[in-house]
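Please take these sequences and the hints and turn them into a complete structure.
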Amino acid sequence: MRRPRRARLTQTLREGTGEFVQSVANEVVPGVVDALDVDEVVQRVDIQAILDRVDLTRLIERIDLEVVLERIDIDALLARVDINALLARTELGAVVSRSGSALIGQGLDVVRRQGVDLDTFIERWTNRALRRRAPQTSGTSFVVGGTGMSAR
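First residue of the sequence shown: 54, per my numbering; consecutive thereafter.
It should be emphasised that the hints constitute simulated quantities derived from the structure, not laboratory data.
Glycine included, C-beta positions come from ideal geometry on N, C-alpha and C.
Just so you know, not all the hints are guaranteed correct.
Across the chosen pairs, the derived CB separations fall in these ranges [said to hold, decoys possible]:
hint: 1; residue 1: Gly-158; residue 2: Ala-182; range: 31 to 41 Å
hint: 2; residue 1: Asn-137; residue 2: Thr-179; range: 54 to 64 Å
hint: 3; residue 1: Trp-178; residue 2: Gly-158; range: 23 to 33 Å
hint: 4; residue 1: Val-98; residue 2: Leu-118; range: 23 to 33 Å
Below you can see the structure in the form of structure tokens.
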């Protein structure tokens, strides 16, 4: 079945019009673009309105942190760090001093306990060698100022 003559004419006009519009655009658009002041256009753009429309959570989810970290020059970053200022801010010297004092205190406690244990060991062996009966102590032994004492 043949299309009516009017439909064929409309189709021909549409095809011709598309080509005509494209040729006009090819001639007119470069002149319009050249005439535009891009700086003026950018100044009229409301950047805050654009940023308000950005979904930062979704944007951050799309970032591949491995790629970002690979691009960071750790040596250059560390070269910019002021170690003295960092230590002053964290008071690392005071922390080391306190932890060092605590370690020394704990070490002295261990040495004292071992000294008391050694003293007890020697006393037992001396009593055994001299065939003495072990003294009966009623109470708990404890260390005061490095000297073993008994509580009665």
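ask   = Where does the structure disagree with the numbered hints, that is, which hint numbers, in rising order?
value = Violated: none.
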